[in-house]
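Residue numbers (numbering that gives the first Met the number 0), protein chains in the order written: chain A, 0 to 116; chain B, 0 to 237.
No lab work stands behind these hints, which were simulated from the structure alone. Possibly wrong hints are sitting among the right ones.
To be verified - Just some of the chain B residues that point at chain A, by a computed CB distance under 8 Å:
id: 1; residue: 73
id: 2; residue: 77
id: 3; residue: 116
id: 4; residue: 174
id: 5; residue: 177
id: 6; residue: 181
id: 7; residue: 197
id: 8; residue: 228
id: 9; residue: 230
id: 10; residue: 231
Unchecked claim - Pairs of lysine to any residue residues, derived as SDA-like cross-links and limited to a Cα-Cα distance of at most 25 Å, are as follows:
id: 11; chain 1: A; residue 1: 50; chain 2: B; residue 2: 22
id: 12; chain 1: B; residue 1: 182; chain 2: A; residue 2: 58
id: 13; chain 1: A; residue 1: 50; chain 2: B; residue 2: 76
Backbone N, C-alpha and C define an ideal beta-carbon position, used for all residues, glycine too.
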Amino acid sequence: MIRALALILLCQLAGEVATRAGGLPVPGPVLGMALLWGLMSAFAPVAALVKPVGEGILRHLSLLFVPAGVGVVGHIDQLGTQALALGLAIVISTALAIAAGALAFTLVARLTGSRDA
Amino acid sequence: MHDFADIWSYLAQGPLLWLTLTLIAYVLADAAAEALGRPPLANTVLMSVVLLGLMLWATGTPYATYFEGAQFVHFLLGPATVSLAIPLHAQGARLKRAVLPVIAGVGTGSLVAVASALAIAKAMGVDMTTLATLAPKSTTAPVAIGIAQSLGGSPTLAAVLVILTGITGALMATPLLNALRLKDWRARGLAVGTAAHGIGTARAFQVHPTAGAFAGIGMGLNAILTALLAPAVLRLFL
Chain A
0 MIRALALILL CQLAGEVATR AGGLPVPGPV LGMALLWGLM SAFAPVAALV
50 KPVGEGILRH LSLLFVPAGV GVVGHIDQLG TQALALGLAI VISTALAIAA
100 GALAFTLVAR LTGSRDA
Chain B
0 MHDFADIWSY LAQGPLLWLT LTLIAYVLAD AAAEALGRPP LANTVLMSVV
50 LLGLMLWATG TPYATYFEGA QFVHFLLGPA TVSLAIPLHA QGARLKRAVL
100 PVIAGVGTGS LVAVASALAI AKAMGVDMTT LATLAPKSTT APVAIGIAQS
150 LGGSPTLAAV LVILTGITGA LMATPLLNAL RLKDWRARGL AVGTAAHGIG
200 TARAFQVHPT AGAFAGIGMG LNAILTALLA PAVLRLFL
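Could you put the whole structure together from the sequences, leaning on the hints where they help?
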C-alpha cells in the first residue's frame, strides 16, 4: 500500500515539476495521470500495484470536494450584485455543454461505427 | 473538572475535530443518498457542504480553522486525479475504439461551455473582469484559477464558480441525458466530465463505471483545451 501511494505521489510530483518547469497550461496532477497511465500500460506489475490503493481513493471522490465546497459557502457573497446573471450563465451553459458534448460524441460514434462493447 | 467550553476551545485548535466532522458529514450524506436510491438531487457533495456550512455558522468557526482539519481530505484531490489513470487503463481498449467521438465530444462540450456562459453573462451586463473569471468555470479548480488569473479575473471567485458549476452539472446530468434519450455510457460520462469536471466525474462513477472512466477523460482533456480556447473566446466578447 505504501509503495503504491509513493508511486502515485511520485507521478503527481513529476507532473507538478514538469508543468512549472515547462510553463505548461496543464495542471500537475493531470500530467501525473498521463504519466501513471503510460507506466501502467508499459509495465503490468505497476497496474497490479496501484490498482487497490487508487480505486480506494476514487471510490469516495465526492468526499474530496467537500472542503472546497464548504469554502464556497463563505464566499457566496463574492457573487455580489451579479449573482443572478452568473447563476443563470452557469445553469444554462452547463446544460448546453452536457447536451452538446453527449450529442457530438453520439453522432461521431454513429458516423465512425464506434460501438460500445 | 473541565466544562464543555474548555474542551471545545482545546479541540478547536487542532485539526482533529473538523477532520472528523468532515468525514461524519460525508458518511451521513452518503447514507442518506443511498437510502433515497441515489436520486440526482440528493448529491453527496451538496448535502455534506450544507451540513458543514451550518455547523460552522452555528459554532462561529472561521473557514481557516475548518480548513486546518479538512486540508487532509482536500490534499487527496491531487492523488485522486493521478489515480484516474486506473479506470482509463482498464478501459483502454474501449477508448481506442472511440478516439474520434471523444475528440468531437470534448471539443464541442468545451467550446459550448465557455462561449454560452460568456454570451449569457455578457447579455445580462456582467463586467469584463467577471467574464474573465467565468470563462474557465467548467475546468477543474486549479486549472480554472490559473486561467482566470492569466485572463485578469479573480482567483477566489473562480473557485466559487467552478464548484457551483460542478454541483449544477452533477445535479442535472442524469435527468437531462435521460430526456435526450442518450443511452451510451461513454457519451454521457464524457459530456459530464467535460462540463462539470471532478464533481461531475464523481457523480458519473456513482452511476456507471464506464461513465466514470469517460468522465475522467473528459475532465483531463477539457482542462487542456479550455486553457487554449478560453483566451480566444473571451476576446470575442471584449
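* Given hint residue 181 of chain B near chain A, where the shortest CB pair must fall under 8 Å -> 5 Å, holds
* **Proposed interface contact between residue 73 of chain B and chain A, which counts if any beta carbon pair is under 8 Å** => 4 Å, holds
* To do: Quickly compare the C-alpha distance for residue 50 of chain A and residue 76 of chain B to 25 Å and report which way the hint goes.
  => 17 Å, holds
* **Restraint satisfaction for residue 230 of chain B [CB to CB of chain A, less than 8 Å]** => 10 Å, violated
* Regarding the hint that residue 228 of chain B lies at the interface with chain A, is the smallest CB-CB distance below 8 Å? -> 10 Å, violated
* Tell me if residue 197 of chain B is really an interface residue toward chain A, meaning its C-beta lies closer than 8 Å to one of theirs. => Hint holds; residue 197 of chain B Cβ to chain A Cβ min 6 Å, cut 8 Å.
* Is the interface hint for residue 174 of chain B satisfied, with its Cβ closer than 8 Å to some Cβ of chain A? -> 10 Å, violated
* Asked: Holds or violated: is the Cβ of residue 77 of chain B closer than 8 Å to a Cβ in chain A?
  -> 5 Å, holds
* **Closest C-beta approach of residue 231 of chain B to chain A relative to 8 Å, hint status** => Interface hint status for residue 231 of chain B: violated (13 Å vs cutoff 8 Å).
* To do: Take the C-alpha atoms of residue 50 of chain A and residue 22 of chain B, compute the straight-line distance between them, and say whether it is at most 25 Å.
  => 23 Å, holds
* Would you settle whether the hint for residue 177 of chain B is holds or violated, based on the nearest Cβ-Cβ distance to chain A being less than 8 Å? => 11 Å, violated
* Can residue 116 of chain B be said to touch chain A, with a Cβ gap under 8 Å? -> This interface hint holds because 4 Å falls under the 8 Å limit.
In summary, the numbered hints that this structure violates are 4, 5, 8, 9 and 10.
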